[in-house]
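Protein chains in written order, with the working numbering: chain A, 27 to 340; chain B, 27 to 340; chain C, 27 to 340; chain D, 27 to 340.
Don't take every hint at face value.
When chains are identical, the list treats them as one kind, so a pair holds in a single copy or across two.
Stated by the list, open to error - Mimicking BS3-like on lysine-lysine, the simulated pairs with C-alpha atoms at most 27 Å apart in a straight line are: (1) 182 / 124; (2) 116 / 182; (3) 196 / 97; (4) 182 / 196.
In short, the hints are calculated from the structure, not lab data.
Here the structure is a predicted model, which means the values were calculated and not measured.
Number of protein chains: 4
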Amino acid sequence: MTEHGYQVRTDLALEARERFAGTNTEVKGVILEKERDEARDITVTRVVIQNQAGAKAMQKPIGTYITLEAKNLQYADEDYHREAAVVLAKYIRELVPKKNRLSVLAVGLGNQEVTPDALGPLAVDHLCITRHLSEEQDDSSETVLVSSLVPGVMAKTGMETAEIVKGVVKETHPDVVIAIDSLAARSTRRLNTTIQITNTGIAPGSGVGNHRNCISEETLGIPVIAIGVPTVVEASAIVSDTMENLMDALEEVTELKSLRETLMQFQEQERQELIRELLEPDLGILYVTPKDVDETIRQLSITLSEGLNLAFAG
Amino acid sequence: MTEHGYQVRTDLALEARERFAGTNTEVKGVILEKERDEARDITVTRVVIQNQAGAKAMQKPIGTYITLEAKNLQYADEDYHREAAVVLAKYIRELVPKKNRLSVLAVGLGNQEVTPDALGPLAVDHLCITRHLSEEQDDSSETVLVSSLVPGVMAKTGMETAEIVKGVVKETHPDVVIAIDSLAARSTRRLNTTIQITNTGIAPGSGVGNHRNCISEETLGIPVIAIGVPTVVEASAIVSDTMENLMDALEEVTELKSLRETLMQFQEQERQELIRELLEPDLGILYVTPKDVDETIRQLSITLSEGLNLAFAG
Amino acid sequence: MTEHGYQVRTDLALEARERFAGTNTEVKGVILEKERDEARDITVTRVVIQNQAGAKAMQKPIGTYITLEAKNLQYADEDYHREAAVVLAKYIRELVPKKNRLSVLAVGLGNQEVTPDALGPLAVDHLCITRHLSEEQDDSSETVLVSSLVPGVMAKTGMETAEIVKGVVKETHPDVVIAIDSLAARSTRRLNTTIQITNTGIAPGSGVGNHRNCISEETLGIPVIAIGVPTVVEASAIVSDTMENLMDALEEVTELKSLRETLMQFQEQERQELIRELLEPDLGILYVTPKDVDETIRQLSITLSEGLNLAFAG
Amino acid sequence: MTEHGYQVRTDLALEARERFAGTNTEVKGVILEKERDEARDITVTRVVIQNQAGAKAMQKPIGTYITLEAKNLQYADEDYHREAAVVLAKYIRELVPKKNRLSVLAVGLGNQEVTPDALGPLAVDHLCITRHLSEEQDDSSETVLVSSLVPGVMAKTGMETAEIVKGVVKETHPDVVIAIDSLAARSTRRLNTTIQITNTGIAPGSGVGNHRNCISEETLGIPVIAIGVPTVVEASAIVSDTMENLMDALEEVTELKSLRETLMQFQEQERQELIRELLEPDLGILYVTPKDVDETIRQLSITLSEGLNLAFAG
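Whenever a hint applies, use it, and build me the whole structure from the sequences.
Listed below in structure tokens is the structure:
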């Protein structure tokens, strides 16, 4: 993750876009659309990065990023999760290729023994697997053939995750890979409340762990849909946020604009560097999670698999 | 945990004592001694709260608090953990009553399904249990009879943890209870690197979860030794620390003493209140953990049980 | 379990009663009634042991034993399990005392780390726990206050299970204990397809493990309802059954009555002794399970907890 | 597993060879050698199937089968397990190709959620994985590069295990695959006490579950060493054994040779068919395990991984 320099990392295109919000200018090559599902209290944002200029500004690959924000996802309300799964299924179907007997390989990325990184393996565990049952059926059927893989992390396998997925794709010939992963967000508000669906695959250094090498159409030769939920926020991000809020609050009650101005002279990247230096250095990068992360991750994994099951249930 | 007001909570007497360090005055009714085991890189601090004045100042019950600080505990070095267990065993023996056929009930507090709170149940799981084997032996032997209990958390049992422990103590008549628990620290530097041993039992609101009601000599009628390791830090604590570091750093390069002075006018409690308001409010109290908390907790639980096994192995 | 001599052990009163079926005589002091729920394909048998004569003949304590036989329980059909839970709830309510604000302590017996013995702890894990929520409500309400305990096994705790339960009962004053346990059956046909509910508590040596000492009204001072499912069969039982079937089958095609007669001269107990000697002796008592026992136990534990949740939901 | 007809299945070449023991003739094309390690109480048997005649007689592929019988493996004696791992390492090295920078892919076959089938995944979990660390080292080194894969079972993945392994082998180019699997034995005496190492790979229908399609040099293009431990015995096997023992025992005390003769007229296969019909049919094929199978499997998985770690530790 050091490849990101000292800028606080976010895997959400939505948050990358928000960096530009303050300046209020349009970002060239980036389209932003919002929809609101009032009944379900879900905001759907579509960020489309159209070209290299947009990709450079956003530091994300070209493609479509659909983000569902549903703050009730963090609670263990089964009815709500079921409705969220219906919405999720709709957007998955939108990004997945249309084809008879579509063959889908779902890949659960991450480390199943580290709770905030276990979302992918857990979600895959609840999928309805059908590829081995449907081999005899005739070719014209609308059935979707679902297979799944939990490749494990490099420290456990000795292999790049991308190597394993590539090998299995070449041998079993799916039409599309759906990669499910834990993400890192910039804002604690997004923790376990946001689902991002994108057709850009998984870029290097993404995910909570570091699943090296790309899992993308470029490397696999077939479309890769990535579905992710932010399960951690870097501790330095919340320090930074809080300090900005503090500066704003203090400005009102004191005449101390000069400190604010001093800090404003730093670029965001320099400020993050400063904050990281000021944070206790011994423990590596610290992550912030709610205490009931084990329960939350379990619930979210079921919602993701339900969404996929609905998307592919004939 | 709201019973603590807005002061950032610490379960470590050592950290409670450090609040007074800046003023450099002695705290009345509180004795502080430090030893250094250079070979093993372990600092042992003994805080003795002697009377009500000390208890009030420290916001901790009267008693002895021994803290082992060993920053290598956070790494999975088995040899080091084995040496730390030897040191731990020494201090446990110091606090435990001397008696032939001492009967010890080890209680693993916390929720085994929430990783940072699972330290107690996991530690108890590795203990050498001997009470049921030794019942026939003669009374003069030096054997220690070890039994263990994992009472679970109130949300799962519907009972106060203290009720369960009391009932079992009354029925099985141990001479001493050893309660093992996850703690909350003030500083990220102490995460998974510090072991506190105390003869004061477990006070209300302690632990990561909220194990209500005291488990102490007062309530159980027998001595209670509590052993704990900080496994979480409140997110607001690290924001606060970082901001103080920032103020110090900025002071050197700018003339902006006035902000610092403004902030210094707040009491620590008010400052914390401010920071909590500025933190994103939606997720309840956020906790900071290293990402590999699952592995770290497993390793620490083995070290605690090794320490206990050594302390009681004839 | 050696306390049973060489007779193959069964924890089911139904099977104890069937020993007398061949002779077709009534057993004195034992009442037997059968009902049939055709719609759900469930047979309900009620065995009432009325007095000491019946207890001696059956080698089971005086009391009522209700057995639900539902062979579809062994399959993972959620709808069927839900219906079985409804039937189960009805019979639990029949045996449980009638009282406003009934306080129930559910105890999950067995070893959660040994799959066929984990039924009790798993079932308790899914219960709706309400005792800690309802303490303030007024006394006339019909609410049932549910608490739960997983005492663990003696090898892990150093204490008799009965000691732990006694201590907690004395401290928290429930009106009734419901003890959930894995059982041993005589016939593989009953594996994971039969639920026994009894008001006699748990007798010594019952369960798959050996939960010593009684958990019964006599020892606890309050009624104890025991709910169990056979999850194992001793290997010697199926050898014995198969041999009897073989003798019957051979009789038809050969004139070899004399072997049959020879074997018939043995009492069942002697025959079992012989079979145990002929079985490989090195591994202790072997148990027979279906291979998917992990999944089956998980499913059954949910059905039991559903039954209890329904029985106590207002 | 029905492809085996009604003959009780064994995955052990040793047991396949023992079928001929009664006749005391040599089996053509099959060499049998025994060694005895008295100090460690381990018997090592080497069965070499030399040609098609031997393969047909044994119903096993051509190749070398080394079997370690060590009855103390079933106990949780860590010292003994460590010594057994040393012996195991020796025989693994014997079968593995000699080469600088040998690249080994260890594959843990079986279903990690079904205890007796979880041996492979558990063993792989404890291996020292080095492939990703050693990529930069120079080519002349004696280092072994170890990678590992847990492909999962077809019901979970929708893919043949062999497809997944093939894909990963083609992409990552190991020199040898080591496949670790749970086996079925014929005799309960071999349960958890026997380790078979063979260079023939895994044949169809082997393992406790049914890992379809071969994982062998023929299908993968590189040598495949299979390591297995019998963790289950079919219930019908122990019935059959016990009945034979019974016949022998009865012969001595009665004149009832005729039944024995009647049974002897059946071929083994017919007898098994008869016994399966007489066994309760409802639960599918039942398996016999010791009750503490969870603990035993965990211990054995560590021993296997230790053996592999020793074999490949430079």
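Checking residue 116 and residue 182: alpha-carbon separation at most 27 Å within a copy, between copies, both or neither? between (35 Å within a copy, 25 Å between copies)
Is the C-alpha distance from residue 182 to residue 124 at most 27 Å within one copy, between copies, in both cases, or in neither? Answer is between: at 25 Å across copies they meet the 27 Å cutoff, but 36 Å inside does not.
With identical chains, the pair residue 196 and residue 97 could be close in the same copy or across copies; at 27 Å between alpha carbons, which is it: within, between, both, or neither? Neither way: residue 196 and residue 97 sit 39 Å apart in one copy and 44 Å across, limit 27 Å.
Have a look at residue 182 and residue 196 and pick one of within, between, both or neither, based on CA distance no larger than 27 Å. Answer is both: 23 Å inside a copy and 19 Å across each meet the 27 Å cutoff.
Checked against the numbered hints given earlier, this structure breaks only hint 3.
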